[in-house]
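Asker: Taken in order, these protein sequences are the chains called P and C.
In short: position in the first sequence from 1, add 105, done, that's our numbering.
In short: position in the second sequence from 1, add 192, done, that's our numbering.
Take these hints with a grain of salt, some might be off.
Unchecked claim - Looking from chain P toward chain C, a few residues come up when the C-beta cut is under 7 angstroms (computed):
| no. | residue |
| --- | --- |
| 1 | Val121 |
| 2 | Phe124 |
| 3 | Val126 |
| 4 | Gly127 |
| 5 | Phe271 |
Claimed, not checked - The calculated label-pair distances, taken between Cβ atoms and stated as ranges, are:
| no. | chain 1 | residue 1 | chain 2 | residue 2 | range |
| --- | --- | --- | --- | --- | --- |
| 6 | P | Ile119 | C | Leu243 | 46 to 52 angstroms |
| 7 | C | Leu570 | P | Leu218 | 46 to 52 angstroms |
| 8 | P | Val126 | C | Ala393 | 43 to 49 angstroms |
| 9 | P | His269 | C | Ala301 | 48 to 54 angstroms |
| 10 | P | Leu218 | C | Gly729 | 27 to 33 angstroms |
None of these hints come from the bench; they were simulated from the model.
Everything numeric in this text was worked out from a predicted model, so none of it was measured.
For glycine and all other residues, C-beta sits at the position ideal for the given N, C-alpha and C.
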Amino acid sequence: MMWKFLLPAGVFAILVGFFFVGLSRDPSQVPSPLIGKVAPTYSLPRVEDTTQKVSSSDFAGKQHMVNVWATWCVECRKEHSVLLEIAKKNVVPIVGLDWKDELTSAQIWLAQLGNPYLATAFDEKGRVAIDFGVYGAPETFLIDAEGKVRYKHIGSLTMDVWEHEFLPRIDGRIK
Amino acid sequence: MSVELGHFALILAFTLALVQAFFGLVGSYARQEHWMAAARSAVMGQFVFTLFSFGCLTDAFLRNDFSVLYVANNSNTELPVFYRFAAVWGAHEGSLLLWLLILTVWSFAVSVFNRSMTPFFTAKVLGILGLISAGFSLFIITTSNPFERLLPAALQGADLNPLLQDPALVAHPPMLYTGYVGLAVPFACAVAALLEGKLDAAWARWVRPWATVSWLFLTLGISLGSFWAYYELGWGGWWFWDPVENASFMPWLMCTALIHSLAVTEKRGLFKSWTVLLAIFGFSLSLLGTFLVRSGVLVSVHAFASDPSRGLFILAFLTICIGGALTLYGWRAQHLKSGAGFAVISRESFLLFNNVLLVVAAGLILLGTLYPLFVDALNLGKISVGPPYFSVVFLIPMLPLVLLLAIGMHAGWKQAKFNSLKRSLLIALVVAVIFAALLTLVVFKRFSLLCFIGLIAGGWVLLSSLIEPISRLRAGYSLSAGIVAMSLAHFGVGVFMLGVTTVSTYTIEKDTSLSDGQSADIAGYTFTLLNTESVSGPNYEAVQATVKVTQNGEEVTVLYPQKRIYRVRTSPMTEAGIDAHWQRDLFVALGDDLGNGVWSVRIQYKPLVRFIWLGTLIMALGGLIGVMDRRYRSKMVAKQTISQPIQVGP
Chain P
106 MMWKFLLPAG
116 VFAILVGFFF
126 VGLSRDPSQV
136 PSPLIGKVAP
146 TYSLPRVEDT
156 TQKVSSSDFA
166 GKQHMVNVWA
176 TWCVECRKEH
186 SVLLEIAKKN
196 VVPIVGLDWK
206 DELTSAQIWL
216 AQLGNPYLAT
226 AFDEKGRVAI
236 DFGVYGAPET
246 FLIDAEGKVR
256 YKHIGSLTMD
266 VWEHEFLPRI
276 DGRIK
Chain C
193 MSVELGHFAL
203 ILAFTLALVQ
213 AFFGLVGSYA
223 RQEHWMAAAR
233 SAVMGQFVFT
243 LFSFGCLTDA
253 FLRNDFSVLY
263 VANNSNTELP
273 VFYRFAAVWG
283 AHEGSLLLWL
293 LILTVWSFAV
303 SVFNRSMTPF
313 FTAKVLGILG
323 LISAGFSLFI
333 ITTSNPFERL
343 LPAALQGADL
353 NPLLQDPALV
363 AHPPMLYTGY
373 VGLAVPFACA
383 VAALLEGKLD
393 AAWARWVRPW
403 ATVSWLFLTL
413 GISLGSFWAY
423 YELGWGGWWF
433 WDPVENASFM
443 PWLMCTALIH
453 SLAVTEKRGL
463 FKSWTVLLAI
473 FGFSLSLLGT
483 FLVRSGVLVS
493 VHAFASDPSR
503 GLFILAFLTI
513 CIGGALTLYG
523 WRAQHLKSGA
533 GFAVISRESF
543 LLFNNVLLVV
553 AAGLILLGTL
563 YPLFVDALNL
573 GKISVGPPYF
583 SVVFLIPMLP
593 LVLLLAIGMH
603 AGWKQAKFNS
613 LKRSLLIALV
623 VAVIFAALLT
633 LVVFKRFSLL
643 CFIGLIAGGW
653 VLLSSLIEPI
663 SRLRAGYSLS
673 AGIVAMSLAH
683 FGVGVFMLGV
693 TTVSTYTIEK
703 DTSLSDGQSA
713 DIAGYTFTLL
723 NTESVSGPNY
733 EAVQATVKVT
743 QNGEEVTVLY
753 PQKRIYRVRT
763 SPMTEAGIDA
773 HWQRDLFVAL
783 GDDLGNGVWS
793 VRIQYKPLVR
803 FIWLGTLIMA
813 LGGLIGVMDR
823 RYRSKMVAKQ
833 TISQPIQVGP
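The whole structure should be built from the sequences, with the hints applied where relevant.
Answerer: Right, here's the structure in full:
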């Protein structure tokens, strides 16, 4: 008689077990579909000098990072000093992707805050960012020598992220 | 400074919740009047301090105090003041504070409106509410503190999620939470009844209005959310079967079942253990909803907070609350003796069917919602269960439910005799069939069996709900609030059903691409894109299209759909252009800029779509009238005679 009434509690106990297992997994960590795939190609005007072009083919065979930023992005301003520091270490070149921005503000930004980028591509309409699946600025991609996306970081970079997520994934690093 | 005061007030509220729990429960067992009085004072104090704390957070938002992490993450100097206010509950921490505030309001209400119950029972209820409140405030303080400082302060805030920058979404969370949290009261009453081992008609009569008010708010909150999704998400759908929506819908189903079961318990002294179980399920599903949304065990378009440590806390809390209540149920429910029996065909058995079907529906939704979690936990990969499952599976219990409803509401208690009503019911059915046939064959000229059945069911419920009030009025009786409430709510179900069936079968939609001057035709309407221009709002830039709609060469309306880009979060948002009319909506949403002035455009013709929300509003109105019923407010409730089943002349 009493067991009938305990049934709901029993079912609930099983549910709790599943929830507990479920907690240790991260459903949002559906990895970026790009990881392990060849990075999108692009050819865009260069922010520093729009008569020149920045193309993905310029970096073929080289490991590099692609950092998506914009002058309207407050987080990017915070991230900028980290980028400068990473650039100083000279481990991998950083390519900038200036996203949906105004050219002059972007040029002033680089002149005033310093330029950590090997080159910065000007993605005025955001087309290339769409190919990269950019969700918001800043985002940073690590692309290997074969041109494949190896890692993607969403949000501003910190030295901590750099050391723990990027450095271990970089081949033949000097350290 | 006020931020620290708010934080401090929150901690005080937590300690007062502990006081409330201790003096309420222990005081009731020890039969100490003073202790129980202390619990009531603690309720009031907790309410005041939580309100103060909430006020401090609101103040921080209005002042753009970006030295508060939560404010910096969810506001911006460009955010209009109205939305800064709404931003208080725009993300995890603040919405939990709102949850807590609403719980203290409900507890306060319980501590005031309890004349018909014994002080010992009330003290137990307050004690249990105190435990829930203590758990929640501890959760906020330890894992989700909205008052956390950000030093050095941010220069600018990250802005409120653009999805939430909408008038409907300002009101949606408070409504929904009021409903969610309101279910804590029937839950606490059920647990208190299990503790006392006593559950009588007075108990059911007292619990009913609490359940009805929660139901009312849930109904409004869910429909508001669905209405928002309709015009804001840009594809004209009104329900997604998204885990977060399911999380709000399951408590609604349970609460609906609870309201009906309470009626039986009140009038006939039956279904006692069933009523208690439903009250526990209702609040459990509310908590589960909070857990699912907050812990990140499931992904959803709505999930804006997920953090495993929070998840673990909520899981522990869930286990204590629900597990505790269900174990108590297993131990004590057998002592809740039910009264006399009833015949197979009677109002009781119809209501029992209703309850079983509602619970089955909620169970199927729960299964679908949690299925991805089960699969993932068993290492079978990651999957998602979508509308194809839910739409089909939901119909299975719902169609019989609606058909039973048409008859069931006329069944008498104990043993139903339908002879007197057979004619009216049959006439209603015939009218519904004719109506369904006309609509499918003549108006829309396309027959679908499922739609035909759906229309008959909807039409029948709608007409059948009018039989009782009309025959009462004709016989010269006045209508009691209870009858009006029931008839209205069921009428609303009929209206809703008609809307849903028609929209899901006869919506015409077209995805096309248009440049200036080009047009597209659907359902006899011609949509012409006149031009697109840039407009700016306070914190967004938008492209606005001007779309003229004509029918047979005559202008019907001009629509202005927008595609907005919010400056800070840079996420694109769609503002659909909608021409609303009782019998159809014309819907235009802008898709992507395809270059050279060409835009992808989605146009839709949605017949009777307004009936969906009209139906839910009528249901809610029914609930409101039910709560107003004087019977529930009278001090002399216990002496009132139980109303007799109606006898209507031929």
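Asker: What hint numbers does the structure not satisfy?
Answerer: 5 and 6
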